[in-house]
Amino acid sequence: MAEPFIHAENLAFTYKGSGGAEDIPAIKDISLDIQKGEFVAILGHNGSGKSTFAKLLNLILEPTGGKLSVAGFDLCDKELSEDDLIALRRRVGMVFQNPDNQLVATIVEDDVAFGPENLGVPMPELRERVDNALLEVGMSEYAMQEPHHLSGGQKQRVAIAGILAMRPECVIFDEATAMLDPVGRKEVLDTIRRLNRENGMTVIHITHYMNEAAFADRIIVINDGSVLMDGTPDQIFARRDELRAVGLEVPQCAELIHRLKEAGIPVGEGKISSLEGCAQMILQSFAKEGASHG
Amino acid sequence: MDKIVLDHVSFVYNPGTPFEKKALDDVSLSIEANCITGVIGHTGSGKSTMMMLLNGLSAPSSGKVFLDGYDINSSFKDVFPEWLKKPEYATMRKSAAKKAIKAEVAKRKKTLCFRVGLVMQYPEYQLFEETVYKDIAYGPKNMGLSEEEIKERVYEAIRFSGLDESILQKSPFDLSGGQKRRVAIAGVIAMRPEVLVLDEPAAGLDPRGREQIFREICRYQKATSSTVIMVSHSMEDMAEYCQNMIVLAHSRLIAQGSCNEVFSNVSLLEGTGLDIPQITQLTRLLKQSGLELPEDVYTVDRAVELLKDLYQSKKGTV
Amino acid sequence: MKSIAFGQYYPADSPVHKIDPRAKVILTILYIVCTFLCKNVLAFAALLLSAILLTSLSKIPLRMILRSLRPLIVILTFTSLINVFMTKGEHLLTPNWQIPFWGGHVWHIKIYEEGLWNALFMILRIVVLLIGTSVLLSYTTTPIALTDALERLMKPLKLIRVPVHDIAMMTTIALRFIPTLMEETQRIMNAQKARGADFTSGGLIRRAKSLLPVLIPLLVSAFNRAYELAAAMECRCYHGGKEKTKMKILHLRFGDVLAVLLIVAFGVGIVFLNRFGFYYTMK
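Chains as they are written, first to last, in this note's numbering: chain A, 28 to 321; chain B, 7 to 324; chain C, 947 to 1229.
Quick caveat, the hints were computed from the structure, so don't treat them as lab data. Be careful, since some hints might not be right.
Only pairs whose alpha carbons sit at most 20 Å apart, straight line, appear in this in silico DMTMM-like list of lysine to aspartate or glutamate [said to hold, decoys possible]:
| id | chain 1 | residue 1 | chain 2 | residue 2 |
| --- | --- | --- | --- | --- |
| 1 | A | K315 | B | E298 |
| 2 | B | K140 | C | D1144 |
| 3 | B | K140 | B | D170 |
It should be emphasised that the depicted structure is a prediction, and the values quoted were computed from it without experimental measurement.
Just need the whole structure built from these sequences, with the hints factored in.
Shown next as structure tokens:
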């Protein structure tokens, strides 16, 4: 098997307290591998360390313990050159929570060009990259608009285009949907899914919405700076009580399945992470009942 | 009884400029006293604009807003002939009555924002004082209350917010996101408004934070018997915590009534840019597959109830 | 609200809009020089004509330009009064006007013909100056094009270690965040008004104090934004101006050069007109 794209071993990070304040260990012990092309959702309540973990992945924060390698770069190497750092950030892009605070230019297409301009991409190619990136997030018709005239979801898609124009292999979404309304959230989520499916982009989606995590190949639940669970959405949603104990909730459908089980209705195992899967499970249990008595 | 009534209200931003935009279009609705009413709508549906009309932060371009039957935007001229017939003014000399009525209208205008407390979206951004205590006291202080009264209200508000009293001496900027949110809400509760309006009170919080905020709001409503209006784009949350519901889409009123009434008309809600609760989608799917379920299931509790009954009856009859 | 019109840019499809922003900066400077070259009636007439021509070329509604002149009324009145009363010349228009004061003092009002001319020319100069700069720059050039042009024109300053790129980047970011912060200010003000804040009554000190509940949250939020923006820029490989390419490269076209040449010719024409001693020539 090829070397994993991200490899963390006993990773730790502590916020140094300033002015006599106590040090705060945000990441205590995380060990995991993420392969190229995976769509991973990282779940956890506010303050669980999930966002800190994301910021370690492209070295906005430096690990204080353990091992971490991303895209072949050793991020614990204190002597990482500036060129390496730029190369790393080109390959691992990041989209942040507040869409307003990551757009730098006053015109959409100028903003998308910001990353590749910094990388020194020469002109005919630069234009092509910007146009492609806008096309990919479905924002081409807004190329000449000013960002503050756009909706939250649209701004966030521009931010994604700005990352795509750098041609990364992996994009980290650091709670990129938290401040959006349902329409905006759907726009962004659809974009994320398409990037992963059609372009084979490695996607790390950090969120506290279970509904969104259901679309991932794999869910990692982080609590108190450590990995609590790691598995497919179906496996994770089956562990409702443990999730609830760390302040997370399963989607309504999965909740219904759990409640029916508690009420003594023999609902079997199945695709608990999708609406259709849950319907299937309920119908099966009712059919069984009909059959055994009939 | 209706606490608030909107009568053919429209609101236009920047009228007469190229940026003219209609935010509310001929909206008439009523909000019942002593219960929680949810206002749902997608971004740009006009729901946030509506909130600003309720406490007089802005006045409608046309139409009227009534609080307890009084048009909150009425001027002295509007009410003068009517009020002059009222028993309390009828006995006065005309000039004295005029003065008294003028004073009363001015007072009503000034106290309106204390009677209808508005908590804006992401209210933690309004915190500014050195301590939580001082910040919560800001509203009551502006009301001109005495120190003792202010103190009493601050303590009452912090109890409603479910936070520990020890937090009062801390700086609001040292708190976690969820705590800041609750302190900001306490700052409005401390004014003891008759109507509490909250714009997306749980936006951006994690599931536990959301649940806590909504529970505190329900508890506050029961304890004070006040009128609460919550704005949200989450039907799932509103279905769970509200008694009545108002649906806005594209600046117009789509539906109003009890949650049952509104949800029984699910087809109306589609195409408004709102998510139908997952549980409603699931039960409709089950219904299509032959299970005898109603259309209007919108909470998990009710779905469990119905499916349990259905299962029992199936077991019994076969 | 979404519709805050920032800056004064008026989008339209006109020859003035199409001029390269660098050329426009140079044109504006030259045009300002021209207004100061004017000395007599003929020259000022030509200047006024040029301003009218420029405005009609730019397709900017006259109403908008007149509105932008309104704040100038005070300054215009003041300068013309000074000119009328203070200019000394040869043709006295008020031979024997006196205003008696208390204590036997008398003020002799002396208005010379030259003073009236000076006042008229001064008004024309200021008005044309404003029309020229606003039509050539602020109404027809987007702020971002303007920063870009300034960065390029200032490039030679790099030799004397002026951080031209950083200044341009900062200006761009400022322009980008002004609407955002304006919206935020409005939001915080509304939130505090909902808690009974009163920003309008009381004396100056009290009013300034009443703004604290707005300024503090605004400052906190601006710092948070700056911090997040810095992280986002780092993630997009920002490392100063070195090895940076540009998507939008400005090309000077024939029209741009022609415009500059025209205005130079206009300046020469004005100097020529100045030589005719028509009525009155300014000193």
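### Restraint status (C-alpha distance of K140 (chain B) to D170 (chain B) at most 20 Å)
The hint holds at about 16 Å.
### Holds or violated: K140 (chain B) to D1144 (chain C), with C-alpha atoms at most 20 Å apart
Roughly 17 Å separates the two Cα atoms, so the pair holds.
### Message
Holds or violated: K315 (chain A) and E298 (chain B), Cα atoms, limit 20 Å.
### Response
17 Å, holds
Consistency with the previously given hints is maintained throughout, with no hint failing.
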